[in-house]
Each structure stands twice: as C-alpha cells, then as structure tokens.
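Peer 1: Quick note, the sequences are listed as chains A and B, same order. According to my numbering, the residues represented by the first sequence are 1 to 249, in order. According to my numbering, the residues represented by the second sequence are 1 to 243, in order.
Check each hint, because a few of them may be wrong.
[Claimed, not checked] Pairs of lysine-lysine, DSS-like flavour, derived with a Cα cap of 25 Å:
| # | chain 1 | residue 1 | chain 2 | residue 2 |
| --- | --- | --- | --- | --- |
| 1 | B | 71 | A | 66 |
| 2 | A | 59 | B | 65 |
| 3 | A | 63 | B | 65 |
| 4 | B | 65 | A | 66 |
| 5 | A | 161 | A | 69 |
| 6 | B | 209 | B | 183 |
| 7 | A | 134 | B | 128 |
| 8 | A | 227 | A | 38 |
| 9 | B | 195 | B | 184 |
| 10 | B | 161 | B | 183 |
| 11 | A | 224 | A | 97 |
| 12 | A | 63 | B | 71 |
| 13 | B | 233 | B | 221 |
| 14 | B | 65 | A | 69 |
| 15 | A | 67 | B | 65 |
| 16 | B | 71 | A | 59 |
| 17 | A | 134 | A | 192 |
| 18 | A | 224 | A | 134 |
| 19 | B | 201 | B | 128 |
[What the hints assert, rightly or not] Chain B is nowhere near these chain A residues, computed Cβ spacing over 12 Å in every case:
| # | residue |
| --- | --- |
| 20 | 11 |
| 21 | 39 |
| 22 | 51 |
| 23 | 95 |
| 24 | 136 |
| 25 | 164 |
| 26 | 196 |
| 27 | 201 |
Keep in mind the hints are simulated off the structure, nothing from the lab. Quick reminder that beta carbons are idealized off the backbone N, C-alpha and C, glycines included.
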Amino acid sequence: MSEPAPHSTAPHPYPGKLIIVEGIDGSGKSTQLLLLHKWLESRGHKVFFTEWNSSELVKDTTKRGKKNKSLTPTTFSLLHATDFASRLYHEITPPLKAGMLVLADRYMYTAFARDVVRGVSPEWVRKLYSFAIKPDMAFYFRVPIEVAISRLLGGTRGQFKYYEAGMDMNLNQDVTESFRIFQSRILSQYDKIVDEYQLITMDATKDIAQQQDAMRRLVDEALKDYKPRRGTHGRRSLFWRRFDLPKSE
Amino acid sequence: MGDAHYFGDGLTYLNPSDLKGKLIAIEGTDGVGRSTHIELLQEWLEVQGYGVITTGWTRSNLMSKTIEMAKEGNILDRWSFSLLYATDFADRLEHQIIPALRSGFVVLADRYIYTAFARDFVRSGDRKWIRDVFGFALVPDLVCYLRIDVETLVLRVIETKAMNFWESGMDLRLGGDLYDSFKKYQSLLIEEFDKMTDEFKFEVIDARKSLEEIQDELRSKIQGLLTTEELPKIPIQVASETT
Chain A
1 MSEPAPHSTA PHPYPGKLII VEGIDGSGKS TQLLLLHKWL ESRGHKVFFT
51 EWNSSELVKD TTKRGKKNKS LTPTTFSLLH ATDFASRLYH EITPPLKAGM
101 LVLADRYMYT AFARDVVRGV SPEWVRKLYS FAIKPDMAFY FRVPIEVAIS
151 RLLGGTRGQF KYYEAGMDMN LNQDVTESFR IFQSRILSQY DKIVDEYQLI
201 TMDATKDIAQ QQDAMRRLVD EALKDYKPRR GTHGRRSLFW RRFDLPKSE
Chain B
1 MGDAHYFGDG LTYLNPSDLK GKLIAIEGTD GVGRSTHIEL LQEWLEVQGY
51 GVITTGWTRS NLMSKTIEMA KEGNILDRWS FSLLYATDFA DRLEHQIIPA
101 LRSGFVVLAD RYIYTAFARD FVRSGDRKWI RDVFGFALVP DLVCYLRIDV
151 ETLVLRVIET KAMNFWESGM DLRLGGDLYD SFKKYQSLLI EEFDKMTDEF
201 KFEVIDARKS LEEIQDELRS KIQGLLTTEE LPKIPIQVAS ETT
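Work the whole structure out from these sequences, hints included.
Peer 2: Listed below in structure tokens is the structure:
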C-alpha cells in the first residue's frame with residue numbers, strides 16, 4: 001500500500017466533530033444517520049448534514065455524464081473527488097471550525113471501495129483524497145449482499161440504477177445479477193478498508209432500533225470531551241449583565 | 001509512441017503499449033502564442049499526410065461547461081480548481097488522445113499537465129499532490145515550452161486582448177489591480193515552468209522571437225521525432241479544396 005498521506009491520517013485541529021457512515025446501497029446507513037441526526041438535535045446540538053455527490057458544482061455534470069454513459073472509471077473517480085473537495089471546503093470545514101457536529105453520508109472510503117472495483121489504482125485514489133479531513137468517527141454498516149438486494153427490491157426504489165448496479169462494467173446483462181457481482185466486489189474492498197482505516201463495523205442485519213441504540217451509545221461515549229459551542233447571543237447578554245448596563249445597540 | 005508509459009499510477013484498465021502515434025505538447029503561459037503555432041503545425045503536418053488532432057485545455061465534452069460555470073462563480077478552492085482540470089484532462093485523454101494515438105495520429109496538445117502543475121503550485125506551494133493526481137497522464141513524446149519574460153508578455157497581452165480575471169490570478173489577490181496581479185501571477189507561473197524544464201525535459205523555445213522563427217524551431221524539433229519511426233500517412237484527398 002502507498003504511504004499514508006499526512007492530512008487524512010492525522011486528527012483534525014477543529015473544535016467540531018465529524019461523524020461519517022459507509023456501506024453499500026441497501027445497508028441502511030442513511031436511515032441510521034438520519035435517526036442519529038434527529039437524536040443529536042433533540043439533545044441540543046448544532047448539526048450539519050452533508051451527502052456524497054451533492055455539491056452544486058459538479059452534480060449536474062455527473063448526472064449528464066451518467067446519462068450519456070460517457071464516464072470512464074477515471075473521470076467517474078475524479079468527478080466524485082471534485083464534488084468531495086468542494087463540499088469539504090464549503091460545507092464540512094466551516095461547521096467544524098465553528099465547533100458544530102458534521103454528519104456525512106458516505107466519505108472518501110466510498111471512493112476507495114467503488115472506484116477501485118471500477119478499475120482505478122488503489123494507490124492513486126488514496127493519494128487523490130490525501131487532502132481529506134480524518135473523521136472523528138467512521139461507521140461501516142456491514143450487510144450480506146442478499147439482504148441488501150431484498151431491501152432495495154422490496155423498498156420504494158424497486159429498480160436498480162445503471163451505475164449503482166455497475167452496468168457500465170458489462171458484468172451481466174441482468175441488472176440484479178450485475179448489482180450482485182458489482183456490490184459483492186465492493187463489499188470485499190470495504191473489508192480491507194475497515195482494517196486499513198479502523199472503521200467501526202456495525203451489524204446492519206439487526207433491526208433498525210437495535211442498530212440505532214448501539215450507534216448512540218458509541219457516539220455518546222465519543223462526545224464525552226466535546227464542548228458544544230453556545231450561541232453568541234447568550235454570551236453577550238451575560239457580558240452586559242456583569243456591568244449592569246443597558247443593551248443600547 | 002513505442003515506449004508509451006504513464007506518468008505515475010496509470011490507467012490500470014488501459015495498456016498503453018499499442019499506441020503508435022506521437023503525442024506532442026505545446027506548453028507556456030497565457031498569451032504566449034500556443035494556439036497560433038498549433039494551427040500552423042497542424043496544417044504543416046496534414047500537408048505531409050499525417051493524421052493530426054489537436055486537443056485543448058478545458059475543451060472536453062464532459063467538463064467545458066462545468067469549468068466555465070465554476071469560473072463565473074469565482075469561489076473555487078485549490079483542490080476543486082485542480083480536480084476540475086484533471087477531470088477535463090482525463091476525459092480528453094480517454095476519449096480523444098488515446099484513441100488517436102492508437103490509430104497512429106499525431107496529437108498536438110495545447111497545454112498539458114505541466115500547466116496544472118504550475119497553477120497548483122502557485123496556489124499551494126506543494127508539488128506532490130498535483131503530480132500524484134495526474135499520475136494517469138501519458139508522458140508526451142515531446143514537450144515544447146514557449147518561454148517568454150513577463151515584461152514582453154504584458155505588452156503582448158495588452159496589445160492583442162484584454163487581461164482577464166483568471167489569467168491575472170485574481171483569486172489569489174496578488175496585486176491591487178488587474179495589471180499588478182497579472183504581472184505577479186504570470187511571473188510566478190513562468191518561474192515554475194522554468195523550474196520544471198529539467199525535471200520534465202522540456203524543449204525550450206524563445207517565444208520573444210518572430211512568429212516564423214518560432215514556427216521553424218517547432219517544426220525542426222517535431223521533424224526529428226517523426227523521422228525516427230514511420231507513422232501511417234493518410235493519402236491527401238483535399239487537392240480540389242486547395243485550388
């Protein structure tokens with residue numbers, strides 16, 4: 001493996017906390033993150049949520065490239081890295097600096113798993129993301145492929161999407177079969193990544209409430225030393241009260 | 001290309017060994033006259049019967065619109081900035097450059113990865129990351145670097161077209177106005193191009209000379225490259241058009 005890049009392996013210096021979730025489609029990671037989000041807010045935390053491939057800058061381009069099927073493994077990987085860079089700069093770093101909690105649905109490990117299965121060099125894609133901030137907590141929702149398939153086919157989505165099923169790789173004419181092969185390969189990449197980056201593995205076959213309980217316990221423990229930032233409003237009124245002066249402005 | 005190879009971690013799914021054509025990059029800073037010379041070179045090569053394609057920075061189908069949009073917003077961070085160009089380059093490499101080289105074409109590239117290296121270095125002071133990012137690029141058969149000093153460049157750019165925001169590196173706030181910023185930014189770019197000359201074996205051409213002299217120098221360097229190996233020539237079918 002390539003030598004680890006300095007940025008993405010050292011803890012970040014910001015007062016906020018970055019919590020991310022990983023897993024294949026149908027692992028239930030987004031559901032778990034949503035529940036965690038609501039719970040954290042109910043406890044009075046300021047929370048910012050960000051999602052893979054969602055930046056204004058490249059979302060349309062990715063969509064266009066997917067539509068006319070002109071994306072190659074390398075342009076696919078680079079577009080997602082561009083999206084990530086843009087969100088890191090505009091969405092992730094500012095709230096971390098402000099002392100907020102940032103929740104990310106998918107992080108660079110998605111690229112390490114998926115792009116490598118598509119055929120880019122594992123060393124290259126890790127170097128590409130060397131500017132990333134290391135998350136404070138990284139959850140991996142581990143699920144067997146058949147469970148993921150039955151969840152996705154049984155749910156509201158009904159049908160697999162072209163790239164999600166890896167149809168660009170000509171693995172199989174049948175979408176479900178292609179999904180099975182493609183996502184199984186991604187699963188085995190994730191298994192390596194879990195060791196390489198010490199992701200917290202969650203048993204995603206358990207029911208939703210059980211998983212959420214486990215997740216909350218771990219987050220609670222990790223936030224023990226976290227001092228949430230109070231709004232400036234409260235602090236200012238306290239300041240003025242000390243001098244017993246009217247707030248004139 | 002005979003011994004075609006990637007710059008770093010290459011495209012694992014594309015073996016470059018069967019690329020027969022020649023990849024020639026024309027480098028140099030903004031306003032130095034690259035495109036004019038490429039046009040002349042293309043005509044000169046086509047008349048000799050070579051198949052020629054040109055490929056230009058930011059001109060990929062996938063990215064050209066996106067890059068324009070991003071530039072209008074003026075809100076790019078260093079990484080997005082460089083990654084957008086890398087995506088554009090990758091799209092052109094896989095859809096234009098490699099197919100053309102495979103068919104034995106001469107590919108004239110208006111700017112190459114060295115432009116990205118210079119721009120990223122000026123913005124970050126770091127040389128490693130950007131070289132890692134472009135690891136999938138093919139090493140060109142020839143890189144001609146059109147070298148100019150900033151004083152001459154300033155006059156030439158003011159004469160021919162106005163200075164623009166990005167060519168002046170205004171995102172870096174290097175100077176109080178467009179003129180000061182242009183000079184500062186372009187000096188830094190030229191300095192970095194100069195430093196790369198040995199590292200990447202640029203053929204340096206003095207871009208202060210006359211257009212004819214520069215074109216002659218470019219042709220003699222390219223001619224040397226083409227005589228060593230036989231490229232397939234395309235029979236000229238355009239005789240009726242040229243009358």
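Peer 1: The structure should be examined with respect to each hint, and the outcome stated for every one.
Peer 2: Here is how each hint holds up against the structure:
1. B:71 / A:66: holds, 23 Å
2. A:59 / B:65: The hint holds at about 13 Å.
3. A:63 / B:65: Holds: residue 63 (chain A) and residue 65 (chain B) sit about 13 Å apart, inside 25 Å.
4. B:65 / A:66: OK: residue 65 (chain B) and residue 66 (chain A) at ~16 Å, within 25 Å.
5. A:161 / A:69: holds, 13 Å
6. B:209 / B:183: holds, 21 Å
7. A:134 / B:128: holds, 20 Å
8. A:227 / A:38: holds, 19 Å
9. B:195 / B:184: Between residue 195 (chain B) and residue 184 (chain B) the Cα gap is close to 17 Å, so the pair holds against 25 Å.
10. B:161 / B:183: holds, 15 Å
11. A:224 / A:97: Satisfied, since the Cα-Cα distance of roughly 19 Å is no more than 25 Å.
12. A:63 / B:71: Distance ~20 Å between residue 63 (chain A) and residue 71 (chain B) Cα, so the pair holds.
13. B:233 / B:221: holds, 19 Å
14. B:65 / A:69: holds, 17 Å
15. A:67 / B:65: Roughly 16 Å between the alpha carbons, so the hint for residue 67 (chain A) and residue 65 (chain B) holds.
16. B:71 / A:59: holds, 16 Å
17. A:134 / A:192: Holds, at about 18 Å.
18. A:224 / A:134: Holds, at roughly 19 Å.
19. B:201 / B:128: holds, 18 Å
20. 11: Holds, because the least Cβ-Cβ distance between residue 11 (chain A) and chain B comes to about 20 Å, which exceeds 12 Å.
21. 39: Check passes; 32 Å lies beyond 12 Å.
22. 51: holds, 17 Å
23. 95: holds, 16 Å
24. 136: About 21 Å separates residue 136 (chain A) from the closest Cβ of chain B, which puts it past 12 Å; holds.
25. 164: holds, 20 Å
26. 196: Non-interface label on residue 196 (chain A) holds, nearest chain B Cβ at 17 Å vs cutoff 12 Å.
27. 201: holds, 28 Å
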